Amino acid sequence: MDQLLVLFIGLPLLSFFVTLFWKNRNERPIGLVVRYTKVAYIILSVSYLVWWIANGLTPVSFKLATLYRSDNFVFALELFYDEITAVFSIVGALLFFLVATFSKYYMHRDQGYKRFFSTILLFAAGYNFIILSGNFETLFIGWEIKGLCSFLLIAFYWNRYLPVKNALKTVSNYRISDVMLMLAMWMMHHLTHRNISFTDLGEAKQIAAQGGAYAAMGVLVVCMIVLAATVKSAQFPFTSWLPRAMEGPTSSSAIFYGSLSVHIGIFLLLRTHPFWEDMLWAKILIIVTGAVTAVLSTLIARVQPTVKTQIAYSSAAQIGLMFIETAVGFHWLVLIHFAGNAFLRTYQLLVSPSVLNYLVHHQYFHYEAPRERKLSAVAASFYVLGVKEWNLDAFMFRFVWSPFKWIGVKLQFLQSYIITTLLVAMAFAIVLANRFNAGLLAGMNVPFPEILMSVALMFVLSSFSSRGSALKAWVLLLAAHACIILAIWLTAGQIASLEFLYYAGGIVSAFLLGYYCLQRIHGIDQDILLNRFHGYVYEAENKGLLFLLAVIGMLGFPITTAFVGIDVFFTHVDTHQPVLIVLLALCFLFIELAAFRILLRIFMGPHKKLYHPVAYRSS
Amino acid sequence: MADHSFDEAHVIQELKHFLPSQQALKDFIHHNSLHAFQHMKFYDAIFKASRIFGYQVHLQLTEYRDLYKSGRIREDILNKTIVQKKGKDALAGWKQKVLDTPYDVINHPRVGQLRKYWKEAYAFDLDNAVQPRLFRIVCAFLDQGIAVQRMPLSDRSFTQAIREIERKSWVSFFKTKKIRQQFLEGNYSLTSLLKQIVGDEAYFEQYLFDQQFAHHGWSGFVSAVEDNPHTLLDRKQICLKEFIEFELLLELDALHRRLGENWQPLADHVSSPPENLLADIPKTEFAEVIELWQDAFEWSYYDGVLRGILLAGDRPVAADKTFQAIFCIDEREDSIRRHIEAVDKCCETFGAPGFFGVEFYFQQQGSKFYDKLCPAPVTPRYLIKEYEATEEKKHEPLYSKLTHGFFTGFFMSITYGFWALAKKAQMLFRPKMSPAISNAYAHMDRHSVLTIENKRTDDTENGLQIGYTIEEMTTRAENFLRGIGLIRGFAPIVYMVAHGSSSANNPHHGAHDCGACSGRPGATNARVQAFILNHPKVRAALAARNINIPAGTQFIGCMHDTAADVMGYYDEEILHAENSRAHLLNKQHFETALNLNAKERSRRFASINTRQKLEQVRQAIHNRSVSLFEPRPELGHGTNTLAIIGRRNMSKGLFLDRRAFLNSYDHNTDPDGSILAAVMRPIGLVCGGINLEYYFSRVDNIKLGAGTKLPHNVMGLFGVANSSDGDLRPGLPWQMIEVHDPVRLLVIVEQSPEIVLQAIQSSPEVFEWYKNEWVHIVAFHPPEKQFYYFRDGAFSTYEPLTRVEEIRVIHNMETFIEGAKEMETNHIVHATEENLPVYLLD
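Protein chains in written order, with numbering that gives the first Met the number 0: chain A, 0 to 618; chain B, 0 to 841.
By construction, these hints were calculated from the structure, which means they are not laboratory data.
Any given hint could be a false lead.
To be verified - These stretches of chain A come out as covered by chain B in the derived footprint (C-beta under 8 Å, 3 or more residues):
1. 314 to 325
2. 334 to 343
3. 369 to 375
4. 608 to 614
Unchecked claim - Simulated crosslink set (BS3-like; lysine-lysine; CA at most 27 Å straight-line):
5. Lys240(B) - Lys176(B)
6. Lys373(A) - Lys167(B)
7. Lys282(B) - Lys608(A)
8. Lys820(B) - Lys22(A)
9. Lys400(B) - Lys373(A)
10. Lys168(A) - Lys174(B)
11. Lys367(B) - Lys344(B)
12. Lys454(B) - Lys387(A)
13. Lys79(B) - Lys68(B)
14. Lys115(B) - Lys607(A)
15. Lys607(A) - Lys118(B)
16. Lys400(B) - Lys387(A)
17. Lys85(B) - Lys40(B)
18. Lys367(B) - Lys454(B)
Only a predicted model underlies this, so the values are computations on that prediction, with no experimental measurement involved.
Glycine included, every Cβ here is placed at the ideal spot set by N, Cα and C.
Next up, chain B with everything else stripped away, as it sits in the complex:
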């Protein structure tokens, strides 16, 4: 490398920037796996990341070609893409390249090119000698409670704890006295250690990258804990720098042990200096071919959707609405909304980010910790506590540490062992909810009382205000209602439908809960906002701000379990007599919609016969969520592709196959775009983050995803790894992404392009997503009925190629679902056959 001065702090900062930033699995927050490259254009970024770290960042060339042969990539779209990017004259030439030219697709990453010299020089596998020990020690330090006996002194910092143990112990973690002494005395620094090991300062940075990316899971997690210590309930003080220092010491130790004094620093063995790690890469023809394919793949789906939006006529709701329901924008709620609208033609549904505009920490009764219930970047100043919970918390002796004791283990095996056999049989043949299963409804007691209203502003706990004042409530209520355009025409009952997910044997269960609630079930938020909107003083204050909610209208919080397809309602007793009666009927309608929803989901589950009676399918779906043997309780955000921001009218007539985030927004109420800017703020971060995490986990499930979950071993309650000595596996497991088509998110906004542009430019962080093409955006001009696609900094018109007659119509949803194709294997060409194009609803 050219730069000869080594700046410790700078390099650590760079490492932290590029390492995966996944926190403990209990806080699963979706994010762009290549967040470090987000300041670059999408394609430039992914090819650079690929060259540096060896990631696969797109489908393989053969896969694109197979998709083309299968018809999943449309020829007309491919042609259009080529013409657009390369010009009309170049069509034939590029098409030849795209379809037939063989390319060298072998990718030798830059990272790892320096440290490989250890093996060449000394035939010594340094990683094998160091990594198992390093992982064990750091895992033992960070462990949250798997070990019966926690690491002594682990409330101190990593180095202090290990040093103190080392000082006291008669045996050592180190193999040589010399290095042990060096560690105990602490007279070393990153630079001094690197000098001993590497020698030449010019190589230090590359060496650290090579070393840390040889186990990016652990390094990334250490870095994430350093930045967000609250991700571990049992807090640990560790920083990446001390972790690296410790690893370097272990390396020195291993070198001394193996080679004694007979070795020279690595720099002496470098025969050809590795190329600069972070240097720019030239664009190759292969990369251009991939760009064409990826764009064609994406637009082959998008184009039909845009045509569908043009075709779907207005579907106004009757004036006397039976009820309104506000769901999370989550694409999994697309289908339940469609079904409830079909069951009760007089209801109206909305979509809003699932924290329902109220941000706070929540403390479950008896809990010693707070849970953040709002989008991850927000830091709330409020605390809401739960009281009068009555449900008992059950225990599961299986996880008792007694089974690991000497004598207790004996008694447990000869007694409980036989009971375990019975439980095992029951778990296989009569699966039911148990304490071992993560239950979305256990997050908050159904009959508890919440401290939502703040009486005195000095009522605080740990610096957090308990509850909201009337003024604070009103602001949140107003912003929330205006955001989704619900400021008039209230129905007698408005349901705030949060969502959560119950699943069994699933360390990644947090990834199935509500992304807008930091990976938690959103029931509390729904309840809180319902309480606020029912509050007479808030209603009065809202009226003063021109939002008149009729006295007869009542808000009810509830939660949809997206895995079990169950709906739970909160505070039903507040309903007055008339609404109570209506509510009973509505509940029945929800039940029917849930049945239909279960049926729609069941088409992707090989274990369920979709043609069974609705109730049987629903039961089977429910059983999946409590089945310990089921690695796919639900498919999470798999297949997410669209984000539609506009009135329900835009999407109500379409079958979008649970692929669209649906955020309600009424351009009529927002002529100047001030609301839109707020609405757009989380779209890139939340929906784009989810989409890109799925994208990258799909195209490279081995390096960017967690691989198949079947062999996973839970490490310290914060992560999973393969084997006892493996690296942590960030990203999503194979079972979650196999149905996903790796395409970027297309955001469709019902508003004039000028206002949309102004909204996305409101902040640089938001604009980055669109400017750099990590997310596509189309404006749908309401009166013009014309699409504008954002490219190279400006919106220009877009005419869908898909012909009108190509968009088919669903006449009977049930037979349609029954007839849908099931994937033959999970190879992308087969898997994508399960993902249906857009249809019109009859």
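The following block holds chain A by itself, in its conformation from the complex:
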């Protein structure tokens, strides 16, 4: 029965691949695939639950596969099923079933019918990866898949400006969470010196309790986890991405931002609870985050005049309360609260268009003219803050993204093949020098790995802020990866060739694919400058899809070996190299944003050629 857990992931994943074989107009076969999947999924969830209860509610673990093994590192996929998984699984299956049924009619004849169902099937697989994960690596795969699906559904109407803008906004937030999780994994690895399963978190806690450097590492791990959960569940100060993510078809907003996706931070906290349950400060941190969100989101929700935004903030407020409940340890309450809130918000979103008719009708019979009241300074201030969403959106932009953008703009000079090649060659020379004469560099007392990593980050930021050729920006990302490899090589001294192959092989193939796509697009009008949106997906949809694959390959998404390679490379950085790890984390954060930005600017947004109706920017 343990092996059956694989089905939770395999089933939607298989269906996802099957749907790819049809065209958009083949609604019937796609509909059938989805129908079988949703029924099988719900039967599986329920029968597994029954079996699990009958077997005395003992947690189930299953080792799925070992992707990579070396002396100091094991990359294994592990599945795990306990009461938390059970609730998330049942709620997920029910909502998937209902929303898929709803969408079958709702999406009829939409330009993206197939895309929609393929994406939510992939999402289901990603969701199950997360809730069934037995260790951080497995969870991280699901985490990435879910992020990608979110992106695809927010940018669903990709030839309009706002969906594209908001997709990038959401992805930027999600990426923070991804990188936090990567760091947590890395730190955990150094803390426990193995790849720890969630079942063994208790042991990790013991190690952290030893104090000293271990305690510090424990603190960092918890901070990373809480931050990852905070972002994913749209908590303070990241809440403002949630209403902006409601760009896709109503039914996708319902299942993603009303229910399953946005509650995943709660899952992460519940799952890692054994690790931080004795850390009072962590609980306080979580409680404060939740409480601030609950209060602010409620204040914001109260004044929102648009229905989906209002639901988004109300939902975020409830998740804030769930944060508190989790920290306090009321786990069953959290699970009930999660299920109820997910069901309620999904339903509210699905029927949100009805609100116009219902409330106008209500107004006919219950309207009361406002009474003149004195407006106090407090009330006025709270009102203005509410309408402005407490400046959360502006805050993120100003203090998180703008500084890096500014740096990137200053680094535009790097966009020359000569400079890029020279820098990479110098980096390579340094590494070679070290290889043949280890003492030489050591004697110079210069932090070479940090310097190389800085160069990598400079490449990434230059690419991220580029308004020039997309090809150059794309090459910079490859250069950045090269510098990352070299920096790690330098710091580790020795890297197994397989590890190198895993990493470089994945990245180079993704790079080549992307380069090919951009070259072909460049061939159309000789204009792929990143200073505007081009919307090429309108005329070159297949290239867009290929480039999407290239992009996710480039950032280490689990479609190439680079996914494993990157994880392994992280472990070569030691805990006493804080600068290096921060630089590395920033590199991975901005590689994704830079790559997605290229995808969005070249392929999405309003099509630049006005021979057909093109959407206004304000829509």
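Add chain B to chain A, keeping to what the hints say.
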């Protein structure tokens, strides 16, 4: 621009003229999307609008060519069109152009050419910095009740409210102190702000056009609220001018914030002055090609219809009629009329504008507001109130504001959340009517009493007279009956069939209700006119005016739900014994006709198997109207193309596929055309308005339509937008127009061309529609059996090209419907395959 003097009032007026004029969605009134250009000839107007605003105003050239290849545009018609417009000798040359010549179809609009310099000069996206804030604030101000807490002081004018909040608040909507101060002091004007931002007065007008058309939805709505404050129940005082001033202030604010003092007015950065926005445009060859295509596309359908009218023989009704039924002229009632006539061969049907000649405000019992029930331009002086309503109004906790509270939200989620799951399952698998669904029959209680008769003329409320006096009733009854030519040969029962539409999860539901009743269900009007015609004193007065209604004849109001295909009857208890018995039988006949109607409609719905048993199809149709997951409860006015004004005889033998507005008119009773002038008055405005709104929403669903409704977010209960920060989306959503063939309306009048001309010339507003070719008109000379087409100010004969044998005959309606083709995709070439040509009925 040449004109250097900037006249604020004039420019505001111009802006208001060109902006979309759509009101709150609850009052969906169809109108010509390019109403601002209606004083021009159709083709000149659309190409000009396209050049100025970048709208797509016709199908794309490739689409016309594909339609030609698919046979939907007929070759003989195309040839005829070319010969007619360009001469016989030019046929080969123009045909080559039309079919093969490549044209540059890229259209760079004039609007937006000035403001783009912000980006060029400072690499600064001003819209991104200003629009989200602007939309949020104006939406919060106009909000009708989505927000739990309404904007404080929003009963004051927009500027006053925002200024007072700003004055009191410790935080500001503005980002710079300087501009905030300027706003608080109020020492600015449109001109002074423009001087700061733009500099050169010559550019002011263009700047405002650029700015306002960057978000035409919000600007248009603000302008519509200014002109029609009653469109919002919770009234708001806002005018376009203050809205623009506020936007300019926000722009100044954003510029100061971003660039400090280091920026110059926009005029300093204009490298090449944009061309005059409203200047005339030269006619291009491409435009001529499009004209030929569009005309050929239109006449490829019309021509067959005209041939069909010639072929359809007389179908007189038996002398002993079982009943008569007067439907709305709405093209959706074409099919139900055809079916009821097939089920009961002795019945007779008529078509009349669905407000049944009675205009009034209606107040539902317990309602705090009045609803206007007549065509939009009419302002009634009467009020009809509802009493003794017994149906209870149910509530839906889902929309309760409690779910958005802090603690209440918690309790709602852990309790009601689970109930919501059950409701969700029920809504998917057992859809049924609920308070969340807009129910056409909830507009008026079935057993209520209406104050139709006025006893004392001083019985008024808010300046409106309650009910009609006998004299007023008689006038309305007489005009109504004479209008449709029903002045003799009354059957024992006459049904006044209004229509409404029930639909779920549909912010645009108002667009499906009766257009002649300002986008409301028309049941009240049917009931009122039935009451009037049953009134003994009115009957006596009518007799004095030569309309003798037999004492045994009774009028009954009822309503057809065009989405659910349900018929509801009112005041049935007044029927005397004999009519009561007959009514029971008639009701059965209506049920059968509704079954058939449902089947006919079902052919366009992929979710329904048309071959099922009639009852199953009917149930499936009914379920659609209450299904929250169904974005197409019905297809509204999609495919409307014709307006036939004449006796039923003209259209009775034809299958018109629900594409024809049918207005009864008997030329025999109107030798001098005095009635016709009245009949023609609303045709352009109502039918032409509907037709053109569908036309433009179809050809440019992105700019002139609302786009797909799937991602729509309801804003403030008055509109929809994409995203939380998007512009309002006026026009029709994609799901409503995908079956529509974008062709202009063809009006066919059964009357001599001289009288028709005189009728349409009776008022300049009416004549404009025909003179400028926004609507085609053909006179069908009754005794001659000859068509006359109106072109360039005169009627000339028209001979259909379609051969007699090309018009096929339907022998069995049910198998015919089952065999009709379904569209493969919603691309126009596929979509139009669903729209059937004219057929003769067996």
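Cross-check of the supplied hints:
Counting residues of the segment 314 to 325 of chain A whose C-beta lies closer than 8 Å to any C-beta of chain B gives 3; at least three are required, and the coverage claim holds. Under a criterion of three residues with beta carbons nearer than 8 Å to beta carbons of chain B, the stated coverage of the segment 334 to 343 of chain A is upheld, 8 such residues being counted. Residues of the segment 369 to 375 of chain A with a Cβ under 8 Å from some Cβ of chain B number 5, which satisfies the need for three, so the listed coverage holds. Requiring three or more residues with a Cβ within less than 8 Å of a Cβ of chain B, the coverage given for the segment 608 to 614 of chain A holds, as 7 such residues are present.
Taken as a hint, the Lys240(B) and Lys176(B) pair is honoured in the structure, with Cα atoms around 23 Å apart against an allowance of 27 Å. Restraint check for Lys373(A) and Lys167(B): satisfied, since their Cα atoms lie roughly 10 Å apart, inside the 27 Å limit. Our distance criterion of 27 Å between C-alpha atoms is met by Lys282(B) and Lys608(A), whose separation comes to about 22 Å. Note on Lys820(B) and Lys22(A): the hinted pairing holds, with a Cα-Cα distance of about 21 Å set against a maximum of 27 Å.
Distance restraint check for Lys400(B) and Lys373(A): the Cα-Cα separation of roughly 24 Å lies within the 27 Å cut-off, and the hinted pair is therefore satisfied. For the proposed pair Lys168(A) and Lys174(B), the alpha carbon gap of about 22 Å is at most 27 Å, so the pair holds. Of the supplied pair hints, the one linking Lys367(B) and Lys344(B) is violated, its CA atoms being roughly 46 Å apart against a limit of 27 Å. The hinted pair formed by Lys454(B) and Lys387(A) fails the criterion: a straight-line CA distance of about 56 Å is larger than 27 Å.
As the CA atoms of Lys79(B) and Lys68(B) are separated by approximately 17 Å, the hinted pair is consistent with the 27 Å bound. With a CA separation close to 15 Å, the supplied pair Lys115(B) and Lys607(A) stays within the 27 Å bound. A distance of roughly 16 Å separates the Cα atoms of Lys607(A) and Lys118(B); the hinted pair therefore holds under the 27 Å criterion. As the CA atoms of Lys400(B) and Lys387(A) are separated by approximately 21 Å, the hinted pair is consistent with the 27 Å bound.
A threshold of 27 Å between alpha carbons decides the hint, and for Lys85(B) with Lys40(B) the separation of about 18 Å falls inside it, so the pair holds. At roughly 24 Å between alpha-carbon atoms, Lys367(B) and Lys454(B) fall within 27 Å of each other, so this suggested pair holds.
This entry does not satisfy hints 11, 12, going by the numbered hints stated previously.
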